Structure formats: structure tokens, C-alpha cells
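Going line by line, the protein sequences match chains A and B. Numbering (the UniProt record's numbering) for the first sequence: 1 to 117. Numbering (the UniProt record's numbering) for the second sequence: 1 to 505.
Don't read these hints as lab results, they were simulated from the structure. Hints should not be assumed to be uniformly reliable.
[As the list claims (entries may be wrong)] In silico DSS-like pairs for lysine-lysine, Cα to Cα no more than 27 Å straight-line:
1. K183(B) <-> K86(A)
2. K98(B) <-> K368(B)
3. K98(B) <-> K423(B)
4. K131(B) <-> K99(B)
5. K372(B) <-> K86(A)
6. K74(A) <-> K363(B)
7. K111(A) <-> K74(A)
8. K131(B) <-> K504(B)
9. K74(A) <-> K372(B)
10. K372(B) <-> K100(A)
11. K111(A) <-> K35(A)
12. K114(A) <-> K372(B)
13. K462(B) <-> K230(B)
14. K372(B) <-> K111(A)
15. K86(A) <-> K465(B)
16. K504(B) <-> K74(A)
17. K462(B) <-> K101(A)
18. K101(A) <-> K368(B)
19. K74(A) <-> K35(A)
20. K359(B) <-> K74(A)
21. K74(A) <-> K98(B)
Keep in mind the model is a prediction, meaning the values are calculated, not measured.
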Amino acid sequence: MSKLKAVLALALGCLLTLSAQAIEQRDYHKEVIGKDCKACHDNGIKQFPSDQACLQCHDVDDLAEQSARSEEDKWQNPHNNLHYGKELPCVECHGEHVAKKPICSNCHTFKYDKHQE
Amino acid sequence: MSTNNLLGRRNFIKGIGAASIAIAAPAMAISEKTDGVEWDKEVEILIVGSGFAGLAAAIEATRQGAKDVHIFEKMSYYGGNSAINGGLFAAPQTPMQKKEGIKDSVDTMVQDQVNAGRGIADVALLDHIAKHAMEALQMTLDVGAEYHPYLQQLGGHSVARTYQTTVSCGAGITQPLLEECRKIGVHTHNRTKFEGFILGQNDEVIGVKMHDNYYFGEDQPGKTSNIRVKRGVIMATGGFAQNIDLRMSQDPTLTAEVGCTNAPGATGEGMYQMFRLGAVPVHLAHIQSGPWASPDEGGFGYVSNYSIYNFPHSIAINRLTGQRFMNEIADRKTRADAELNCRDAKGDALPPILITSYKDSKKHPNTKKVIKYNVGWKFDSIEDLAKHFEVPLTPLKQQIGEYNEYVKTQNDPQFGKNMTEAKGKFIEAPFTVVRLWPKVHYCQGGVQINTKAEVKDSLTGKSIKGLYAAGEVTGGIHGVSRLGSCSIPECMVMGMTAARSIMKA
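Just chain A, same shape as in the assembly (with noise of 0.2 Å):
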């Protein structure tokens, strides 16, 4: 029985190590923030980051200028957008651990290439 016992411990340990190891991450974030949680979590581990954490790091300003789109198509950059301006939080469109499609793909066919689910 101990041995049973064991080799289930031993199970279990191995699939929460695997499950730790399967939490999806950016290559770059992996490189710059590395396993430390709260560095985004800045409300707690089990609640989402707050909608100014991304921006520790992020200027809006600066994604605004990188995504940014010919005059005619100025209003769909994601970043200044027609409807929301610079206000949009990131968390609407993107997710760190699970893919998201933008916001904007609720009502529209436009597409962005270079989107980070």
C-alpha cells in the first residue's frame, strides 16, 4: 500500500510539475521577467494583473506609433482606436496564458498580422 501510495505521489508530483511547466509564456517575457509571477500578478497570483501592469514595461504611446496604420485606416490601430482611443486595456486583447483574438474582430474584417494572441 505505502508503495502505491508513493507512486501515486510520485504521479501527482510529476503532473504538477508538468502543469507549472505547460503555463504558456512569451519567449521575450520569459527572457526579461523569467518565473516571477507577481511581476505581472501585482493583485494577487489567482486574480489578473491590473489593467496598468503591461504598463510598467509597455508604453502606449510607443504601441500606438508601432501599430499604427495609413491615414485613411488611422482609426483601426489597436492601440488609438476609433472607439476606445489609448484607453483600451491589453488584457482585452491580449492573454499571456491563453490566446485571445482582438476586440475589434467582434465587429470587423480587418486583420492584424503581427497580433500577439
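Given chain A, work out where chain B should sit, using these hints.
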């Protein structure tokens, strides 16, 4: 500040049912605990919802002298459905009508709406809104909203009286209104969900429960606080078109498969809470579908405003017959019903097409967009068009020929369309075409209000003290079918009205 909430949500609701004995609370200082309510905060005016109605209410209240106005929004972003709507604003006797030589009046605008309301619209409210529409339009101009330099004649309107923002979206109004709110010191709070009212000894609204750290559609912890209001609460929480259960309880045909133009947050909890207080539910089953929407994109997209602009000088064609099947500028319900009847031999949906001369459609900025993003198409000949959509060519050609006669004679014997705006605009190649299929768009129903934006109590017949409502959350104003571009003036005027009433109370 205390975070200790002695009353659970369930007890609170029970309390309301039992004439609010449990939560009756006399006047008290902040954070003082009496009869189970512990106040976490006190504000002068509290507005729930940040669309046209909420933003206009906040600005008007501040203009009237309010010093401590707070807007609470459950979503992570501001603007509600207003931020993604069409940005169309109807008003009578405007500067642009003067410039274009269009004769119009408050009465004419009201009569057009009464007709579409099919006898059950609220004439007093429509009259109040039309009378103040120009004032509301002026508020948007004051804060920097910009409009196309031409008017449009939307379905059901007897004259051209509709302004549209240059960005062809309500965001062209909500963004400057929001900016103005912040400039004048209105406090804005996002991710904060309204959870219910707190009543005083005489069942008047003296506060609300607010849940912070709210993530729409997600399960996240957050704390509920009791916020005391000095003057009152303005509910500007919008419609419920995105609440599939609720809309199906009113109209079982509006299943999850039916598209919807609304922002995801349009789910109606604010309205529920007012019903729990005793507000009168009016016309909940009258849920409008937009006949200008496209099955080729989600929500409102680009096509909706393209079609709204082009309907007056376009023909809508049933692809099975190659014939017109409706007056292209009838009211929304007439058109949506007609479109839903466009079916193939097996009875499956066969979305009809809207054919417009490119020379006329290209005047609107959305024409470029619909073509670029493959939700609309351009054809050099009628043969190409007919082949692409599998429309029988001969009847189609004949229909276009007949319609062009109506353009010439300014008379449409086929469907009685008002041809004024179609003058000189013959259907000629090259063409632009979109497909049409109705999407759930607007809830005519909601809580009953009067022309002071006060909410009526169904049991006493009197206004509920401390409570005001404005915008789509209110019901009965438009009756069976709201005319396009009449919601923005309604939201803004009733938001401003609520602010004026609350400052006078």
C-alpha cells in the same frame, strides 16, 4: 473606509421585497453603521453607465452646479454601446437644414416617430426630446464632435434631418464627451458593477452597492461597497440585446444564432434592478432588428452605415426573383421583416442585395472600407453582378429600368418610396453591392419614465425618489419601431433632463 459588508446580496434583495425594512437607514454620516448599512463612500450624484445618456447627464449636472459627480462603468472601457453605434443624430430645425433649405418642425419629427411607433409610442416624451434635440446637438458641438457636411434622410423620416459624425460612429461623440467629463472634474470608474439599490425609510433611493475589480464574463474576486448618494442615482445602463435569455423570453425568435450589433455589455442588469424596486416594465417584447446589417461581418461593422447612407438612392433586390421587395426607406421593422422573408426554394435564408451606383455610394467614406475589407463588392456591369449573386438577369434588368423611371417621375408606384433624396440618382454601372440580413439592434422596452426622467413606481403610481433613468434602459418612448438616428437625441436629452431634475429636486 470600511469594507465590512454586513448585508449579503440575497438579504438585500429580500429586504426590498419586504418593503425595505431591513435596510431602512436614516440620515447618517459616512461610515456610520446604522440598521445594517455601513457606508463606504458618499457622492453627490451617481451615474451608472457611460454611454451618451450617462456622459450627457454628468456634463449637464456639472454645468448646473454639481461638484461631485461619479460615473460607474462595469466594462473595462467607457462608452457602452454608444461607442460603437452609427453616430447618427436627428434633430429638427438645425443649422444644416436651414442651409439645405429643408422645412422641418418638432411636430413633423414627432409625427414621423409616432407613425413608426404604430400607435403605442409616448408622444409626450417624443415631443420633449424633439424640442430639446438641438440643445443636445449643441452640447456635442461644444465639446468638439464633428459631423459630415451633409444631412441624411433615414428610413421613416419624412425629411432629411440626420447629422452623422465624420468618423461615422457614436465614438465621435462619446470620446469628446468623456474627455469633457474629465476636464470638468467628473469622476469616472471602470470595471465597477452596479449590484443594487439601497433604500431609505420611505423607499427612496439613498445609495447603491458597487462591486469593484469586475471583469465582464470572468470570475474574479472583488469587494462590494455601499455608496451613499446625496442627490440621487441616474441609471443610464442601456439595453439588453446581448442578453440572449432575456431577449428570447420576450421574443423566442431572437435566438443566439441571430446576429447582434450591440456591445457585449448590453445585458440589462440595471433594468432588472429597477424592476425589483417596482419600476414599470414597458414594451419589453419590442426588440428591433437593424435592416441595414450585413451577414458578412460581425456586429454593426462597416456595412450598416454604408447601407443607411445609400438606401435612399439604392434598390434592394430579392436574389431569387431579381425584383425589389420593399420600400428601401420604410421604417426598420417593415424592412427587417421583408428581408427575413427573402428565402431560397428550400426556405433557407437568402440574404438580399442592395445595389447602388458607385458614383453615389462613393460619397460616403464607408464605401471604400466595405470594398477594401471584402464585405461589399464593386461591379462594372449588371451581367457580372447578376452572375456573382446568382440573380436572374432579365427580371433584374427590367426592375432597374422600371425603378429608374420612378427616379425620373419622383414617384414609386411599386412600394411608395419617398423619392426626394433619389432625385437624379439613377441606378447605373459601375455598381457597389452589399448583402443584407437583420441583426438585433435596439430594445424599445425598458422602465417607464416621465418627461423629468423620473422612474414611476408600479405600486404607488408615483416617481421613485432619488432615482432617474435615461436612454435605452427606459421603455415605451418609441413604441413598436424606433426610427434611426432618434436614439442619440433621446439618450442625450433624457440624460440632460435627468441631470436638471436631480439638481432641482
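Hints versus structure:
no., hint, result
1, K183(B) <-> K86(A), "holds (17 Å)"
2, K98(B) <-> K368(B), "violated (30 Å)"
3, K98(B) <-> K423(B), "holds (20 Å)"
4, K131(B) <-> K99(B), "holds (20 Å)"
5, K372(B) <-> K86(A), "holds (25 Å)"
6, K74(A) <-> K363(B), "holds (19 Å)"
7, K111(A) <-> K74(A), "holds (14 Å)"
8, K131(B) <-> K504(B), "holds (20 Å)"
9, K74(A) <-> K372(B), "holds (14 Å)"
10, K372(B) <-> K100(A), "holds (25 Å)"
11, K111(A) <-> K35(A), "violated (32 Å)"
12, K114(A) <-> K372(B), "holds (19 Å)"
13, K462(B) <-> K230(B), "holds (21 Å)"
14, K372(B) <-> K111(A), "holds (12 Å)"
15, K86(A) <-> K465(B), "violated (38 Å)"
16, K504(B) <-> K74(A), "violated (44 Å)"
17, K462(B) <-> K101(A), "violated (48 Å)"
18, K101(A) <-> K368(B), "holds (25 Å)"
19, K74(A) <-> K35(A), "violated (37 Å)"
20, K359(B) <-> K74(A), "holds (25 Å)"
21, K74(A) <-> K98(B), "violated (33 Å)"
Checked against the numbered hints above, the structure violates hints 2, 11, 15, 16, 17, 19, 21; every other hint is satisfied.
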